[in-house]
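> Take a look at the letters that make up each chain.
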Amino acid sequence: MSRLSTPASRTAETPLDAHAFGLLCLTVALALAMHAPYQPWWLSAALLPMLAWRWRQRRQRPGRVPAWLKLPLLALLALAVVARYGTVFGRAPGAALAIGLLVLKVLESERARDARVGVGFACFTLMAALLFGQGMAATAVVALGLLPALATLRALEPGQPSPAGLARALLPGLGMLGAALPLALLAFVFVPRLNTPLWGAPHAGEARSGLDDRMTPVGFSSLLLDDSPAMRVSFDGPPPPPEQRYFRAYVMDDYDGVGWRSRDDAGQPPEPLQAARSIGYRVSLEPSRQRVLPVLDVPLDAPPGAAMRAGRVVMARQPVDAPLDYALRSAVRYRLQPGRAKQAVRWLQLPAGFDPRTVALGRSWHQRYGSDRAAIVRAALSLFHDGGYRYTLAPAPLGRDAMDDFLFRTREGFCEHYASAFTLLMRAAGVPARVVTGYQGGYWNTMGHYLLLRQSDAHAWSEVQLPGRGWVRVDPTAAVRPQRVDLGAAAAAGGQLPWASRGWLQSLRNRWDIVNHWWNEGVIGFDALRQRGLLTRFGVREASPAWLASMLAIGCALAGALGLAWALHRRSGSEPALAALRELERRLARRGLERRHGEGPRHYLRRAARALPTQHDELNRLMENYLELRYAHDEPPAESLRRFCRAVRNFRPARVVK
Amino acid sequence: MRAALRRGRAWAERRLPALVRPRRPEPLPIELHRRRIYIVPTRFGLGFAVLLLVMLGGALNYANNAALLLTCLLGAAAAASMLAAFRTLDGLCLDSIRAGHAVAGRPLELRLDFASQRPRCAVRIDTDTGATAFAMPGGDTTVTLSLPTGTRGWLPLPRLRVWTSWPLGLFRAWSWLHPGQAVLVWPEAESAGPPPPGSDDAGPPRLHQGEDVAALRAYRHGDPIRHAAWKASARHQGLLVKDFERPDSRLDWHLDWYRVSLPEHEARIARLARWLGQAQAQGRRYSLRLPGEHIDAGSGHAHYVRCMNALARLP
Numbered sequence: 001m002s003r004l005s006t007p008a009s010r011t012a013e014t015p016l017d018a019h020a021f022g023l024l025c026l027t028v029a030l031a032l033a034m035h036a037p038y039q040p041w042w043l044s045a046a047l048l049p050m051l052a053w054r055w056r057q058r059r060q061r062p063g064r065v066p067a068w069l070k071l072p073l074l075a076l077l078a079l080a081v082v083a084r085y086g087t088v089f090g091r092a093p094g095a096a097l098a099i100g101l102l103v104l105k106v107l108e109s110e111r112a113r114d115a116r117v118g119v120g121f122a123c124f125t126l127m128a129a130l131l132f133g134q135g136m137a138a139t140a141v142v143a144l145g146l147l148p149a150l151a152t153l154r155a156l157e158p159g160q161p162s163p164a165g166l167a168r169a170l171l172p173g174l175g176m177l178g179a180a181l182p183l184a185l186l187a188f189v190f191v192p193r194l195n196t197p198l199w200g201a202p203h204a205g206e207a208r209s210g211l212d213d214r215m216t217p218v219g220f221s222s223l224l225l226d227d228s229p230a231m232r233v234s235f236d237g238p239p240p241p242p243e244q245r246y247f248r249a250y251v252m253d254d255y256d257g258v259g260w261r262s263r264d265d266a267g268q269p270p271e272p273l274q275a276a277r278s279i280g281y282r283v284s285l286e287p288s289r290q291r292v293l294p295v296l297d298v299p300l301d302a303p304p305g306a307a308m309r310a311g312r313v314v315m316a317r318q319p320v321d322a323p324l325d326y327a328l329r330s331a332v333r334y335r336l337q338p339g340r341a342k343q344a345v346r347w348l349q350l351p352a353g354f355d356p357r358t359v360a361l362g363r364s365w366h367q368r369y370g371s372d373r374a375a376i377v378r379a380a381l382s383l384f385h386d387g388g389y390r391y392t393l394a395p396a397p398l399g400r401d402a403m404d405d406f407l408f409r410t411r412e413g414f415c416e417h418y419a420s421a422f423t424l425l426m427r428a429a430g431v432p433a434r435v436v437t438g439y440q441g442g443y444w445n446t447m448g449h450y451l452l453l454r455q456s457d458a459h460a461w462s463e464v465q466l467p468g469r470g471w472v473r474v475d476p477t478a479a480v481r482p483q484r485v486d487l488g489a490a491a492a493a494g495g496q497l498p499w500a501s502r503g504w505l506q507s508l509r510n511r512w513d514i515v516n517h518w519w520n521e522g523v524i525g526f527d528a529l530r531q532r533g534l535l536t537r538f539g540v541r542e543a544s545p546a547w548l549a550s551m552l553a554i555g556c557a558l559a560g561a562l563g564l565a566w567a568l569h570r571r572s573g574s575e576p577a578l579a580a581l582r583e584l585e586r587r588l589a590r591r592g593l594e595r596r597h598g599e600g601p602r603h604y605l606r607r608a609a610r611a612l613p614t615q616h617d618e619l620n621r622l623m624e625n626y627l628e629l630r631y632a633h634d635e636p637p638a639e640s641l642r643r644f645c646r647a648v649r650n651f652r653p654a655r656v657v658k
Numbered sequence: 001m002r003a004a005l006r007r008g009r010a011w012a013e014r015r016l017p018a019l020v021r022p023r024r025p026e027p028l029p030i031e032l033h034r035r036r037i038y039i040v041p042t043r044f045g046l047g048f049a050v051l052l053l054v055m056l057g058g059a060l061n062y063a064n065n066a067a068l069l070l071t072c073l074l075g076a077a078a079a080a081s082m083l084a085a086f087r088t089l090d091g092l093c094l095d096s097i098r099a100g101h102a103v104a105g106r107p108l109e110l111r112l113d114f115a116s117q118r119p120r121c122a123v124r125i126d127t128d129t130g131a132t133a134f135a136m137p138g139g140d141t142t143v144t145l146s147l148p149t150g151t152r153g154w155l156p157l158p159r160l161r162v163w164t165s166w167p168l169g170l171f172r173a174w175s176w177l178h179p180g181q182a183v184l185v186w187p188e189a190e191s192a193g194p195p196p197p198g199s200d201d202a203g204p205p206r207l208h209q210g211e212d213v214a215a216l217r218a219y220r221h222g223d224p225i226r227h228a229a230w231k232a233s234a235r236h237q238g239l240l241v242k243d244f245e246r247p248d249s250r251l252d253w254h255l256d257w258y259r260v261s262l263p264e265h266e267a268r269i270a271r272l273a274r275w276l277g278q279a280q281a282q283g284r285r286y287s288l289r290l291p292g293e294h295i296d297a298g299s300g301h302a303h304y305v306r307c308m309n310a311l312a313r314l315p
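Chains as they are written, first to last, in the numbering used here: chain V, 1 to 658; chain S, 1 to 315.
A couple of the hints might just be wrong.
Covered, in the sense of this in silico footprint (three residues per stretch, anywhere, with C-beta under 8 Å from a C-beta of chain V), are these stretches of chain S [what the hints assert, rightly or not]:
| no. | region |
| --- | --- |
| 1 | 58-66 |
| 2 | 131-140 |
| 3 | 147-155 |
These aren't lab readings, by the way, just hints derived from the structure by calculation.
Bear in mind that the values here come from a model prediction, so they are computed numbers and not experimental data.
Note that the Cβ used here is the ideal one computed from N, Cα and C, for glycine as well.
Take the sequences, apply the hints, and build the full model.
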């Protein structure tokens, strides 16, 4: 027997004990850590020590932080947020304000009620951290961040055995979340998604590194070092061979001496295409903040919600802010605009006053080969191949006449330099040419049967117009470094990449990518459209929100029933003899022979035997059996126990004789 | 506001007998089961629901499925906590209640014996005046509760509200325990008054009046030197003195209801209670005569309890 009794007055007034307060601080610290990557460093650097100080201070001498300290801190927080973001509304400033207020709440937490409010608020800020990045790892870490929150709430309940270690405090929360997971998944699948946001279009302000409608050497080299996934492509049928894995994003016509730029000419129709062989595929694109949808060279059509532009570039109506899936077909053997182009002159244009030596070289080719454009292209490629050019991701800086410097002085660079110089040479030689940027190569994931393209697979190549064949893709980088096309930028660059991109680690990361792919496909990309198509397989064409809601209600009811079954389940006492006696009691009670309060089994069954004279002997035998089973042995023999239970089951009380 | 609430509750109890059924006094043991456990969200639970709705709205608006998943997880955990709260009370059994002794006006100690097959946490019991919280490691647990008393006599046990908001404080599962048992409250003794009649040898009896040596004990400062047991002391380290048996020459007190010269009923009881207390403190033998009851002379705690109980039971 134990005796544990603690006086407790009203719940809300209960002061916080040190254990619960420590857990609260841990919860808040985790919420801060989740937001740290998305907030200015000084905010985290100010809030975390403040939290640590408060934790120490309360351990030594419980008491609120006085108002003369708290109010200036509040003003300071608001000022800092406004100074940094210019407003307190929006995602980033809102989050900064929220974590600041959270720490201030801890400063004044003295009662159980304060701690509860703090925990609720911490849960909210944890969720807000997911608005900045919803990768699988981030989500898992945030979900684990709920553990201290749940542990705090548990610790706030009075009347528990004395607190154990941290792990023992956190573990029950894990069990709770595990038990809650099925219902959570059910709700996740069936909660009707919104087609359009209810308020403020969730524009994600910050620019992402990625392809862009302007190509400059500096921008491109940073891209080649970023190996976050850009897109994943799964093909209907076998994947195309590596030399055909060119994904077109932008076509750039204008060169200003510094970089290439794509012309915004929405009115221009796409070039006519004669496809000899085409391939169907499906792309899941990571958010790019751009409207362009990279497609395998050369697309037959634009997917729904997007339009095809000049250069057969596919543009979506909205910038891609969330993972996007689209399916389409592309030609892999084709003739693109084999006839005469109307404005061939725009693909011959050269910037005035730039790169005189390059232009002179091109003109000399024109004089030598005349209108044999294929010979001109071969001349340029053999120049790159044999002219002592080197592929590097860290080329020497170039001067004002960048292409002259590159071609005749430094002779080192990456795809951007080669494509740019090649196109310039072609134009000078009278061959219509343009630069195409996009992705090339990628990693074929054999387990997931998809092609992963990272930002580092960004590539630039050229297209020249040959008579009778139309636009033909020429990749001058391949002339210098064929591995670039076969293996990707990392292999081509040799040892110039960060350690994380090397060898076995890279292959490990490529394999791990499949998990991210599943996460993106299954969780992040589960939008209104996919939700409606969810039950197509089961004959439901279009799942309307009302239908989804009713499914959700049914599912919740089922889950509730299961939960209730668990909650109501009682282990039928460990002693079968006792359970059998209870059964006997129930049967006798139906005949009006209820066991009286405090009546022993012997007396009760005797009384029953008197009331049922026809079954007198049977009842007496049962009673004796029972007493023997219960009290004669420590462990009743299984055989007689079975016999007793069977006898009870077969016993049917007769009508009582009054 | 509060008065209106109370009136509303009284009305509900009158009109809805199902609500009242578990509140009537019942014989022990009382086992809590699903028909008598109620669950309501706490104020924090309601706030938390609003928070979840806000989170849901945010996640849906920003089309952020990770946040939605987290919100669903939290919501499902909250729903599971409701079942956990129910399970904390379900199957809890109040086996017996043992009451201590207390005079009117002083708090009475109640010991509630609870039985449970599995461990439980944070079970709380509220009465009108106090509250307690306890954990049950499994098996039997005794909880001590103090009950305020007013006047002497049988005090029916109040209705106890047993509740819990374990594990997250979002839901409150509660039930009524109304044991049909009464405890006896002793009368309060008057603060001062005359000694009982017939106790002429007033004043404390002198010690060492007896002749028989009862025991030997160590010398204490102030003992008369003529009591020293010299022979015995020689065989010991310290000085021993003879302890003489207390004289039994003091007279038994015969406390009699009819010989208390007070007009008031309760004042008589208070005086008798004081005499009983004095007699008990002095270790006397005493008897008590009350209207309709006579308790023979005796001594010791059991005797005292018997007499006080008889006094408390007087009409």
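> Look at each hint and say if it fits the structure.
To see whether the hints hold, each was checked on the structure:
Given as covered by chain V, the region 58-66 of chain S passes the check, having 9 residues with a CB less than 8 Å from a CB of that chain where 3 are the minimum. With 8 residues having a beta carbon nearer than 8 Å to a beta carbon of chain V, the region 131-140 of chain S meets the requirement of three or more and the stated coverage holds. A stretch counts as covered by a chain when three or more of its residues have a beta carbon under 8 Å from one of that chain; for the region 147-155 of chain S and chain V the count is 0, and the coverage is violated.
Violated hints amount to a single one, hint 3; each of the other numbered hints is respected by the structure.
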